[in-house]
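Using the sequences and the hints given, assemble the complete structure.
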Amino acid sequence: MPARKDLLGLENLTSREIIQYLDLAEKFASVLKRPIPFVPSLRGKTILTLFFEPSTRTQISFSIAAKRLSADIVNFSQSASSLTKGETILDTAKNIEAMKVDGVVVRHSAPGAAKILAENLDAFVVNAGDGSHEHPTQALLDLMTMRQVFGRFKGLKVLIIGDLEHSRVARSNIFGLKTLGAEVAVCGPPTLIPLDIEDLGVDVFYNTDDIIHDYDVVMALRIQLERQQGGLFPSLREYRTLYGLTKERVASMKQKGIVMHPGPTNRGVEIDPDVADGSKSVILKQVKNGVAIRMAVLFVHAGGKLG
Amino acid sequence: MADILIKEGRVIDPKTDLDEVLDVLILGNKIAKIDKNIKKEGAKRIDAKGKIVGPGFFDLHCHLRDPGRPDVETIESGSQAAIAGGFTTICCMPNTSPVIDNEGLVNYIYKEAARVNLCRVYPIAAITKERLGKEITEFGELVRAGAKGFSDDGDVVADCNMFRRALEYSKAFDVPIFEHPIDKDLAKDGLMNEGVISTRLGLSGSPGIAEEVIVARDLLVARFTGARLHLCHISTKGSVDLIRRAKEDGMEVTCETCPHYFFFNDELLSGFDTNFKVNPPIRSEQDRQAVIEGLRDGTIDCIATDHAPHCQADKELEFTNAPFGMIGFETALPMIVMELINKQKFNWLHVLEKLTINPAKVVSEKLGVVKKNAVADVVIIDPKKKWRLTANAIRSRSKNTPLLNKEMTGQVVAAIVDGELKYQSSKLKNK
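Protein chains in written order, with this note's numbering: chain A, 1 to 307; chain B, 1 to 431.
Don't take every hint at face value.
Calculated lysine-lysine pairs in the DSS-like style (CA-CA distance at most 30 Å, straight line) [stated by the list, open to error]:
no. : chain 1 : residue 1 : chain 2 : residue 2
1   : A       : LYS94     : B       : LYS40
2   : A       : LYS305    : A       : LYS288
3   : A       : LYS33     : A       : LYS256
4   : A       : LYS256    : A       : LYS280
5   : A       : LYS280    : A       : LYS27
6   : A       : LYS256    : A       : LYS288
7   : B       : LYS406    : A       : LYS5
8   : B       : LYS36     : B       : LYS385
9   : B       : LYS247    : B       : LYS171
10  : A       : LYS94     : B       : LYS399
11  : B       : LYS315    : A       : LYS5
12  : B       : LYS188    : B       : LYS134
13  : B       : LYS7      : B       : LYS366
14  : A       : LYS100    : B       : LYS315
15  : B       : LYS406    : B       : LYS33
16  : A       : LYS94     : B       : LYS372
17  : B       : LYS171    : B       : LYS111
18  : A       : LYS280    : A       : LYS254
What the hints contain is simulated information worked out from the structure, not anything from laboratory work.
Printed below as a string of structure tokens:
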């Protein structure tokens, strides 16, 4: 593959490019099943994870992926607020450049932050979440999981429930799913549905119970507790009543339907514990696929060769 | 002071509806004669064949960052940029550090502008002390010192009653109140126009109604008080509609828009270029078209620059943290030529009116006219000149414009202030 140096989002990827990542990730998934789950593909390459926003699982997932590819990995975390006072993200980029790393995985609270690094570094850049904008590896692992269950995207019906306004996971999924020919709908309190989202080609609903039975995939988004304090919805209790994935609600889903969540979950708010751990849940499969997807992404952008 | 004879330019004056190839003779600081074949021994001759000769531009709205941020702009560097952009008069907003809310700072602006001695610089003073929205400033003393209007620009006067009192109090001095119409609660932490583009980019949006509710409020309060209201940087279709209706009802409100609101739309923010981050935000294509219609039918009286310099280090921050604003003095004319003249087919008389006589009237100045005995503030324009806007070419101390390194059409070739040639481009032929 890659014509592109960086992976900043799914918005401008072709379906061919997305499928290539998924196919390669399946290969790495089989590597991960081996007793010694390593390949030497990226030996001698140095990858830096740069997290300006706290995240445990994404950073760990990338680290494990890099190690499985035999790359050297350096992890760095710092809150963006302490950064903005002195050093700009551009200064950071120049310092990284001087230290000669091959690739940078970046998480930042500002939309477009990964793009600034990508434009100023020779090293490849993987966006691990830029504010509410995109989180491409999360969407790729979601797509991989959906394909494993349903074997297709054309006509697949996906419902995303929750805080669409602030969700980079939702945006990347919408872009990827639409490109691959799936039908996407969103549902949530109107205060958390961003303006004109239907212009992205998605259906918009406010009442979960009217529609949940119609979807193959139901993805709950994480509700951030500060949104309630911001006056966007009245209480976590009412949120759960209207939009939470409860056992009763999930019981009305299609027989073969699946429940997804990007994690970490607020159990008892957007998803009940018995649903998160229940038979329709593929949440741990998503986490597992995350390592394979990140191996595929690092491999492709670091210019690895399949042996 | 040398007398100046401008030969064979297309002389355009909106006040007298003049549009004809003529000579203009300037004696002292006055326009002495406008006629064919003027001869004058000893006068400096400027050949203006193929050029437009009009009144000097009058900017109602700019930020000179003086006092406060000499690394970003000063009265000196701002005046150099203004004059190169054809602006012979500029009104500077008071959101400096410290805020222009007292006589001493108004005096400072005049003193510094006189030292620089390029264009006229008129201070707009703050409506409230330190722009905090709590206590009204000393309008009387500020007007006596030379403040031409009042504004808390950068912020709306959020308190409705404070706004009412400011308008009422201003009536004693017959000065306009310049409002920055954006409701803070609705705009919240908005970084760009709210709509499908902000939704796609995950950037928090500031909705058009944040502007429109304040425009509507201000029109009501202005009608109630009978005071002079000038609405700054109008950017939405809803605002244009509200102001149009108010004018149809006979209200004497005035308003301005800026070149970036008729030149750009929010799709251009897709690349996260912080040079497009302005307040109010660049709006949708529908809003852009409505602003053009508002200019066409006279709803929008003035084109102001909202020249807002910021240093490179600040604009290199992430989109979320970069400051709002773009420079405007040196790009205003080419943006007007490329969009309004060349694409929208506005005529020059109509466009120049919004850059000269109309803004001058907002602050009760008898400027912006090219006729016999008028003060000689004159600009000469080459409307066809193509050039590249390089960082070197920009005289402002800051280079924050999305048009950097882009091809421009239309250039100011000379500017005369009070009868003195203060700016001429290197290509201009002198005899």
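Okay, the hints, checked on the actual structure:
Straight-line distance between C-alpha atoms of LYS94 of chain A and LYS40 of chain B comes to about 62 Å, which puts the hinted pair past the 30 Å bound. Simply put, LYS305 of chain A and LYS288 of chain A have alpha-carbon atoms about 23 Å apart, close enough for the 30 Å limit, and the pair holds. Restraint check: the Cα-Cα separation between LYS33 of chain A and LYS256 of chain A comes to about 26 Å, which is no more than 30 Å; the hinted pair holds. For the proposed pair LYS256 of chain A and LYS280 of chain A, the alpha carbon gap of about 8 Å is at most 30 Å, so the pair holds.
Taking the CA atoms of LYS280 of chain A and LYS27 of chain A, the gap is near 25 Å; set against the 30 Å cutoff, the hint holds. Restraint check for LYS256 of chain A and LYS288 of chain A: satisfied, since their Cα atoms lie roughly 21 Å apart, inside the 30 Å limit. With a C-alpha separation of about 26 Å, the suggested pair LYS406 of chain B and LYS5 of chain A falls inside the 30 Å cut-off, and the hint holds. A distance of roughly 25 Å separates the Cα atoms of LYS36 of chain B and LYS385 of chain B; the hinted pair therefore holds under the 30 Å criterion.
Distance hint between LYS247 of chain B and LYS171 of chain B is fulfilled; the C-alpha atoms sit about 20 Å from each other, no more than 30 Å. For a cut-off of 30 Å, the pair hint linking LYS94 of chain A to LYS399 of chain B stands: about 21 Å separates their Cα positions. For the suggested pair LYS315 of chain B and LYS5 of chain A, the alpha carbons sit about 25 Å apart, so the restraint of at most 30 Å is met. Only pairs whose Cα atoms come within 30 Å are accepted, and LYS188 of chain B paired with LYS134 of chain B is accepted, the gap being roughly 21 Å.
Under the criterion of a C-alpha separation no larger than 30 Å, the hint pairing LYS7 of chain B with LYS366 of chain B is consistent with the structure, at around 25 Å. Of the pairs offered as hints, the one joining LYS100 of chain A and LYS315 of chain B holds, with about 26 Å between alpha carbons and a cut-off of 30 Å not exceeded. With a C-alpha separation of about 39 Å, the suggested pair LYS406 of chain B and LYS33 of chain B falls outside the 30 Å cut-off, and the hint is violated. For the hint pairing LYS94 of chain A with LYS372 of chain B, the CA-to-CA distance comes to about 60 Å; that exceeds 30 Å, so the pair is violated.
For the given pair, LYS171 of chain B sits about 28 Å from LYS111 of chain B by alpha-carbon distance, which is consistent with the 30 Å threshold. Proximity of LYS280 of chain A to LYS254 of chain A is assessed by CA-CA distance (about 10 Å); at most 30 Å being required, the pair is judged to hold.
This entry does not satisfy hints 1, 15, 16, going by the numbered hints stated previously.
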